[in-house]
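Trainee: Residue-level listing of the chains:
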Amino acid sequence: MVDHYYTEDVTAVPYRVLREMLEQQLPVPVACALAGLLRLRGKLRWPLAATHGVAFLKGETGVARDALPPEAIAKWAVLEEPLRDLGFRPLRFLCVETIGATRKAYALWLDAANSTLGSLAWTATMTNGREKHKVNLEFNSYADSDPEYITGAAAEADLPASGTIALDFVDLVMLDERLDIAEIYASHLARIDCESVYTMTDERAVAVHAERSTRRMRRLLEQGILRELTESEVARLRRASIRSRAEVIRSR
Amino acid sequence: MVHLAVSEELPAIVSAAERQRCLKALSCGDTAMSEPAMFATVRDGVARFFADRWASAVLRREVMWGPEDFESWVLQFEPLDEWDGECDGGAVVDFDRRILAWSCDAPGYRVPRVSFVYQKMLAAAWRDFEIVHVDGGNEALARYLPSAGEDTPALIVQNRGPDRDPPVARPTTVDEARRCVTDDDEQENDDDAIRAWVTLIDADGKTRQRELEALPFDLLMAKTDALQALAALGPAPIPPEAVVSEGIWINSSERSAGFWGPPELYAMMKKYSEHWQDWNLTWLKKGYADQCAAASTKGMPMTNAQAVAIVVPLILSTQQFDAQVMLGAIGGGLKRTANKAVGCLLVVLSLPVLIFGLVTGNWRGVLITIAVTSLVVLGVYQFAVYRFKRMVRRGLSDSERERPQPVVAGPQDEGMRRKRIDELLNRAGLPRLAQVEHLFSDKKGLELLAES
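In order, the protein sequences belong to chains A and B.
Mapping of the first sequence onto this note's numbering: position 208 corresponds to residue 208, and the numbering continues sequentially without gaps.
Mapping of the second sequence onto this note's numbering: position 27 corresponds to residue 27, and the numbering continues sequentially without gaps.
Some hints here could point you the wrong way.
[As the list claims (entries may be wrong)] Derived BS3-like pairs (lysine-lysine); straight-line CA-CA distance at most 27 Å: (1) K206/B with K134/A; (2) K270/B with K285/B; (3) K419/B with K444/B; (4) K132/A with K270/B; (5) K419/B with K134/A; (6) K132/A with K444/B; (7) K206/B with K104/A.
Bear in mind the hints are in silico, worked out from the structure with no lab data behind them.
Nothing here was measured: the structure is a model prediction, and the numbers come from that model.
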């Protein structure tokens, strides 16, 4: 049983990013006011109640593809087909332990040039008795020196949220997810064209990606954008997990 | 009823929903907004006829209560002198020959497992009856009346032969069958939309998933264009069994394919088998599971318990369906929107007054102004609601207003209904109520009737 769970703390997100995120759904004055209120809570170290916890930094181990949640495999089918056509091959599948109203799984693919990783994420969130699924794709290339090159795809409304992971050692570009995967990949390749990024074996690629992901998580923890859940929060969310698992079965 | 013409080569197609709208629009004025049904009960060679303007909408619930309760339900409707009239559905219950012939626009469910469970329950409810689902209105049902039987005995057989025209509205081409969902909100609702699942298998065994509204005729006829159009479609997720009405996997390099779906599809593919002459074409008896095996995925199979949980809530419900209920549902939605609009209006009107209060400090005047404004706005709103309701009531025809509220078939008491359905599930060899109740959705009332 994992004891260390983490959750996003929206009150630690910079005001400008928060405001831009909220403006996607709210009128500008309301978004400004709400962003200010959230930042004030952040300054007062008064985070919002956590709805879920994720056991990041656990030293995750891969699982067989069949051990993944079937919903993840089903939703990834849309991304896996173009990845395969672009010459990518699957390296590793991950199930991350979660508590509360969320489930997460990841898959790591490597391109034919052995220099760009395709990272697939699947997140299921229980909202109003229904589980909503979201898949994300990002391309990662690494080198001895910073920055790390990440080209991601997100829904237009979620693009401002990418500001939350704007780290000094990451060169991040987020594109509209409606673009073809081939276009996003081409854009990534254009960005690393003149850079001396790693060419990796499968094992090395998995190890480097795990190491770099951990580094990003640790930096987000330092910045407060991720925070560790307290013992009481873990206990509360474990109870909620049991309820939400039952709802998942019902909503299928 | 209006019959939609179909050509020999590629039938002219409209979607099921469009078909419904067309039929309603083309119906004569008296049935323009209704779900009419006709019934006949036959005992000792004597047929009695009945009709109701709305019974077709709830037929698939009422028929589940077995011969005696169904007959009692039918007897409450307006008696007819003869079998004549327009209808969307109906039933002939012949107690002499032990035949139930019934017809309904929504006779079952599009997802095969749900349909299987429904049919199993129906067979258990009508144990010693032959159950025949008839495609068509009163003319089709008339063939099961005793007088028709002497001249056309061959009609009194299961009517889903391979030579029948398909009753399901299908798109003509892959392009027409393409599913287009772009808006985010629609995307969420789209997860529940019933669809056809297509798996393309490459020469190297790699699979590509596609989804369509339904399997189109050009694909069912193995047209080269259709296969090319499929390959050109965007990739799709692997759908859960609960939303798949039919499916097909195609391995073009090996010239093999497997398909599954409702009995109509099987009949149609037999008819079109000449188009697949140099193919190895297989009917997938295990349906979704077989396609998952071909696609090398576990998929998200549905259990019988989940299927029972879709069927049973409607059977247990006592929700009626008629013009007043429909208008009530529409009116309820309108009223909720109007309530929000009035709330927003009050806020907008109050804001300048509040700012005035902040500037002048005259809070007593502000409170009085807001109270008076609210009273006026709410008064006008209530008056408008009253006038609107009166106008709608006037819009209902006299026959609609005077129509006695029918009772549902089976026990009226909720506890008794549950007990009977639990016994029925047991008889049908399906999971009992206690095993499936936690899987019931939150859908209530008219929403249950929309389950497909």
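Trainee: Could you run down the list of hints and mark each one as holding or not?
Mentor: To see whether the hints hold, each was checked on the structure:
Annotation: proposed proximity of K206/B to K134/A holds, straight-line Cα distance about 24 Å (limit 27 Å). For the hint linking K270/B to K285/B, the alpha-carbon distance of about 15 Å falls within 27 Å, and the restraint holds. A distance of roughly 20 Å separates the Cα atoms of K419/B and K444/B; the hinted pair therefore holds under the 27 Å criterion. Proposed proximity of K132/A and K270/B is contradicted: the alpha carbons are some 40 Å apart, above 27 Å.
Using a Cα cut-off of 27 Å, the hinted pair K419/B and K134/A is violated, with the two alpha carbons roughly 41 Å apart. With a C-alpha separation of about 22 Å, the suggested pairing of K132/A with K444/B holds against the 27 Å cut-off. Among the hinted pairs, K206/B with K104/A is consistent with the structure: their alpha-carbon atoms are about 26 Å apart, no more than 27 Å.
Against the hints set out earlier in the document, violations occur for numbers 4, 5.
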